[in-house]
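Start from the sequences, fold in the hints, and give me the full structure.
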Amino acid sequence: MNRPFICMPLHCFRTGPILMGQRVNPPCFLALALLVLVPMAGCAPSIASYSARAYEQAVDLKVDTLRLIERAEQPYETHRSRVESLQVRLLKAREFARGRAHNEMATSQWDIMVDPDGHMAGGFLSRWAAEDSLSWAFIREVSIQIESGFDTIIRLESGKKQR
Amino acid sequence: MSSTNTANEPMVDLMIDAFRQQLEAWLPSLSDRLVPVGKNLLKRNAAQLQTWASLAAAGQLTKDEVAWLVRSRMDLTRLTALESAGLAQVEIDQFRNMLTKATIGVLIGRLTGQDG
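First to last, the protein sequences are chains A and B. Quick note, the first sequence lines up with residues 111 to 273 if you use this note's numbering. Quick note, the second sequence lines up with residues -7 to 108 if you use this note's numbering.
No lab work stands behind these hints: they were computed from the structure. Computed from a predicted structure; not experimentally measured. Every residue gets a Cβ at the ideal spot worked out from N, C-alpha and C, and that includes glycine. One or more of the hints may lead you astray.
To give a feel for the contact side, a few chain B residues facing chain A, derived at Cβ under 10 Å [what the hints assert, rightly or not]:
hint, residue
1, GLN13
2, GLN42
3, LEU47
4, THR54
5, VAL62
6, LEU68
7, LEU79
Here are some chain A residues pointing at chain B (derived, C-beta under 8 Å) [claimed, not checked]:
hint, residue
8, ILE157
9, ALA216
10, SER218
11, PRO226
12, MET230
13, PHE248
14, VAL252
15, GLN255
16, ARG265
As structure tokens, then:
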């Protein structure tokens, strides 16, 4: 009896376990065990686990986006290559989120963040390109919104760490 | 905070009235249920809306920029809702794992005849 995890279930299936002071017949016990354990064990997690890479990506993009946005008072052409490079990195972050199983919430967040027709980072960069330069008051107010938007993505990823 | 809210109330009330009128014209059957939702959303964003209204009045923001910022605020609300939903899923998973472990523990205890 040095291997209780093998011997004990075999013994139970052969003789039936004692439940509530009475020996249960083996087929009933087997059905009960299957009914309880199979659905539980079969349930995949409903949300992806924490990813250090996704977390770092979101933090880096937040800092870089906010730094670039501060320059939107200047002509777009001056910063075109940096904007385009940032847009590619934002799209890569979205694709990374999309490629992870059970990661629909974070993917939807990135969809909103990068949408060029939306009103977060992607939308702001499109507007800068369309208008060439933007007013300081507008930049400041948008920065607050975009910063809070990135924070929601970062908090969701770090919240997965508890698991 | 309460004085800021009081100062914002006339503007928020005007917005709620406009929202209610639009709903009654477009979605009369849902108006009763959607007006409180819209009211809640507007009240939560009242301070921000007031700031933008003041900046627009001072000529620092154009009407188009204010409209863009309001849409941006709505996007932020969606992001926050997704964050809350995701964190709720994390908690549900934790609860399910805990329940599975407890059930297996009880079952094994019964199998071995070692209750408690």
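Evaluation of the provided hints:
1. Taking 10 Å as the C-beta contact cut-off toward chain A, the hint placing B/GLN13 at the interface is violated, the least distance being around 25 Å.
2. Annotation: B/GLN42 was flagged as interfacial toward chain A, and the flag is violated, the nearest CB pair being 12 Å apart, outside 10 Å.
3. Interface hint at B/LEU47: satisfied, since its Cβ lies 5 Å from the closest Cβ of chain A, which is below the 10 Å cut-off.
4. Because the beta carbon of B/THR54 sits about 8 Å from the nearest beta carbon in chain A, less than 10 Å, this interface hint is met.
5. A distance limit of 10 Å between C-beta atoms decides the matter here; for B/VAL62 the minimum to chain A is near 9 Å, and the interface restraint holds.
6. Evaluation of the B/LEU68 hint against chain A yields a held restraint, the C-beta minimum of about 5 Å falling below 10 Å.
7. Given hint, B/LEU79 at the interface with chain A, holds; its Cβ is 5 Å from that chain's nearest Cβ, closer than 10 Å.
8. For A/ILE157, the suggested interface contact is upheld, since its CB lies about 4 Å from the closest CB of chain B, less than 8 Å.
9. A cut of 8 Å between beta carbons decides the hint on A/ALA216: the least distance to chain B is about 7 Å, and the hint holds.
10. At its closest, the beta carbon of A/SER218 sits 5 Å from a beta carbon of chain B; the interface hint therefore holds under the 8 Å criterion.
11. Against a cut-off of 8 Å between C-beta atoms, the interface hint on A/PRO226 is violated, since the closest Cβ of chain B lies about 13 Å away.
12. Satisfaction of the interface hint for A/MET230 is found here, the shortest Cβ-Cβ separation to chain B being roughly 5 Å, below the 8 Å cut-off.
13. Residue-level restraint check for A/PHE248 holds (minimum Cβ-Cβ distance to chain B is 5 Å; threshold 8 Å).
14. Evaluation of the A/VAL252 hint against chain B yields a held restraint, the C-beta minimum of about 6 Å falling below 8 Å.
15. For A/GLN255, the interface hint holds, the least distance from its beta-carbon to any beta-carbon of chain B being 5 Å, beneath 8 Å.
16. With its C-beta approaching chain B no nearer than about 6 Å, A/ARG265 sits inside the 8 Å limit, and its interface hint holds.
Checked against the numbered hints above, the structure breaks hints 1, 2, 11 and satisfies the rest.
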